[in-house]
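Enquirer: Residue numbers (the numbering used here), protein chains in the order written: chain A, 1 to 248; chain B, 1 to 420.
Honestly, the hints are just simulated from the structure, not real lab data.
A virtual CB, placed ideally from N, CA and C, is assigned to each residue, including glycine.
Each hint should be verified, as a subset may be incorrect.
The calculated label-pair distances, taken between Cβ atoms and stated as ranges, are [what the hints assert, rightly or not]: (1) A/193 - B/150: 55 to 61 Å; (2) B/170 - A/188: 41 to 47 Å; (3) B/169 - A/182: 53 to 59 Å; (4) B/155 - A/95: 43 to 49 Å; (5) A/181 - B/287: 47 to 53 Å; (6) A/106 - B/183: 36 to 42 Å.
Residue-level listing of the chains:
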Amino acid sequence: MQPSETTVDPAEIAKFEAMAAEWWDPQGKFKPLHMLNPCRLSYITSQIAAQFERDLAGPAPFSGLRILDIGCGGGLLSEPMARLGAKVVGADAAARNIPVARIHAEQSGLDIDYRHVTAEALAADGEEFDAVLNMEVVEHVADPLAYLTACRQLLKAGGIQLCSTLNRNPKSYLMAIVGAEHVMRWLPKGTHEWSKFITPDELFELLSQSGMHPVDRKGFVFNPLLWSWSLSDRDLSVNYVTASVKPA
Amino acid sequence: MDNPEAIAILQAMTDDFDLLIVGGGLTGPALALAAAQAGLRSAVIDALPAATLQDPGFDGRSYALALASQRMLKALGVWDDVAGEAQPILDISVSDGQVGQGPGPFGLAFDHAEIEDGPMGFMSEDRHLRPALLRAMAAEPRVSVLNGLAVTDQAVTPGQARVTLSDGSKLAGRLLIGADGRRSGTARRAGIGRLEWSYGQTALVCALSHELPHNGIARQIFLPQGPLAILPLTGKRCSIVWSEDTKLAAEIQAMTPDAYLAALAPRFGDVLGGLSLAGDRFTYPLNLTLARQMTGERLALVGDASHGVHPIAGQGLNAGFRDVGALAQVLAEATRRGEDIGAPDVLTRYAQWRRADTTSLALATDAFNRLFSNDNPLLRAGRGLGMGLVNALPPLRRTLIREAAGIAGDVPDLLRGKPL
């Protein structure tokens with residue numbers, strides 16, 4: 001399934017390099033992800049640091065931690081985790097993302113294990129992680145509880161899962177579907193199916209049912225004046241993120 | 001190759017740097033020290049040999065360090081090394097004058113007691129500040145200094161910025177910094193153009209001894225030919241920045257010391273008593289030069305490389321230190337999130353933070369100079385009234401003082417005295 005470096009033809013590599021450049025262009029196709037990324041990273045890094053009592057100001061704060069990034073895409077979250085010293089597995093169900101992410105990690109001088117694999121398959125293989133990044137995935141899966149159960153299985157006891165998704169209410173319909181897909185064209189039409197969006201209470205309930213202990217939730221709020229995202233304790237009305245811990 | 005020390009350092013380098021800082025003057029070293037607090041490793045490259053930079057006669061200027069700049073130097077651990085030689089600025093006096101007539105009827109007086117944060121700033125001489133920064137870099141293991149080597153080529157590859165040095169050696173880092181002054185070769189090689197104005201003026205600079213105490217008062221006298229700044233140094237000494245038309249400045253510079261002082265006397269006035277030279281005399285041509293962009297691909301410009309302003313309000317170095325504080329903070333935050341410090345979105349945060357400030361500073365100092373270097377009677381009356389008005393309105397005056405001290409607006413943490 002994984003192409004070995006020696007058998008890939010140069011035209012393919014050039015194509016992957018172009019795709020990697022596209023993934024990592026803050027003004028390009030993935031602009032909305034780049035805009036959200038500092039805010040997502042602030043939350044993820046502070047939660048992982050708190051869970052494992054690491055100092056983010058120190059050198060390689062995540063060394064010794066094994067982190068799984070589900071739906072890794074071009075590696076926008078995997079690379080920062082690796083840069084902070086973690087051993088990272090980036091998993092994506094889309095095969096074409098894997099060589100793209102690999103090329104970019106190599107260019108960045110980072111060693112990241114990218115795999116074309118699903119969370120369920122990794123769980124079946126008995127893989128275990130200290131942290132699972134489950135960002136903007138759960139609203140795309142057919143059976144959220146089965147998926148979250150696989151995510152729980154992938155964690156060591158005391159491990160932490162960061163899970164973000166979109167709330168389901170009239171505002172999120174306007175913002176995420178009408179606004180982001182139709183007006184701003186930030187996302188291709190049909191990216192999201194509103195009926196699959198999950199309210200924060202529902203997600204906490206699903207996480208609990210999957211065997212996790214939810215510990216925190218915050219909203220990602222877009223400020224159109226500053227044209228940037230920030231974390232909010234109260235406003236979880238559209239994008240939000242949760243932290244949950246696997247009990248010992 | 002005349003620099004065995006640099007070769008030894010290069011050979012010892014087994015891994016790459018985070019920052020490749022071109023320019024070992026004041027902002028480059030300050031950035032290297034600030035970045036080190038965030039755990040980032042820097043190479044500081046300067047074409048001049050170390051002995052030249054350490055020579056007390058190398059640069060005759062003195063700097064009016066705003067309070068915010070002093071706080072940053074303190075947070076970087078440099079201030080204690082220069083504090084003993086620094087003169088607190090307790091008051092600023094601005095007046096309008098004509099040669100031989102003394103100050104005009106209207107004047108501006110800024111008193112540090114109006115803001116509760118202590119002195120408005122400090123005068124520090126280049127011969128003290130520069131070596132202190134060099135000493136601090138030598139003591140910082142995350143900073144490697146390469147003197148006597150010029151950058152001959154720079155390039156960006158995916159994930160890296162690279163430079164080639166004049167001895168043929170190559171260095172790689174994640175981000176290239178242009179801290180190489182008004183004629184920044186780093187900006188030029190990156191294809192970043194500049195907006196430039198020449199004022200046709202040259203600053204005559206020297207240190208003077210005087211008979212009477214200055215009481216910590218910095219004086220700015222606006223003369224039709226250009227402003228004269230009289231800045232207090234320790235003891236009964238001051239530093240002057242005396243702007244004249246370039247042709248006249250060259251004639252004055254060529255004069256004997258006695259003739260020089262005789263030409264200065266009617267402009268200076270007699271408020272400090274008799275004057276004598278207290279060091280060498282220097283000249284600096286005055287121009288305004290703004291880089292069209294503060295950032296490029298894996299590149300950020302700081303200090304004069306980004307914005308060389310008219311030295312009229314003493315804000316050039318202070319603006320450079322604000323660049324340093326803002327960039328170091330952006331890089332520290334990016335590092336803690338695991339972001340690539342050379343990524344375009346990270347550099348955009350720095351440019352957005354600094355762009356408004358630097359452009360308005362350049363335009364304000366330019367407008368200030370044009371307004372005051374003028375003998376039009378209407379303008380003279382207008383600026384006199386303006387200064388009287390500012391004096392009559394304490395809130396406006398306090399705002400100006402806070403601006404001059406660099407403690408207004410969205411100030412980087414380092415300039416609040418908070419280490420990263």
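Enquirer: For each hint, tell me whether it holds in the structure or not.
Expert: Against the structure, the hints come out as follows:
1. A/193 - B/150: 55 to 61 Å: 60 Å, holds
2. B/170 - A/188: 41 to 47 Å: Holds, at about 43 Å.
3. B/169 - A/182: 53 to 59 Å: Hint holds: Cβ distance 55 Å, inside 53 to 59 Å.
4. B/155 - A/95: 43 to 49 Å: Given a distance of about 34 Å, which is not inside 43 to 49 Å, the answer is violated.
5. A/181 - B/287: 47 to 53 Å: Between residue 181 of chain A and residue 287 of chain B, where Cβ atoms are some 51 Å apart, the hint holds.
6. A/106 - B/183: 36 to 42 Å: Since residue 106 of chain A and residue 183 of chain B have Cβ atoms about 37 Å apart, the given range 36 to 42 Å holds.
Comparing the model with each earlier hint shows a violation of hint 4 alone; every other hint is respected.
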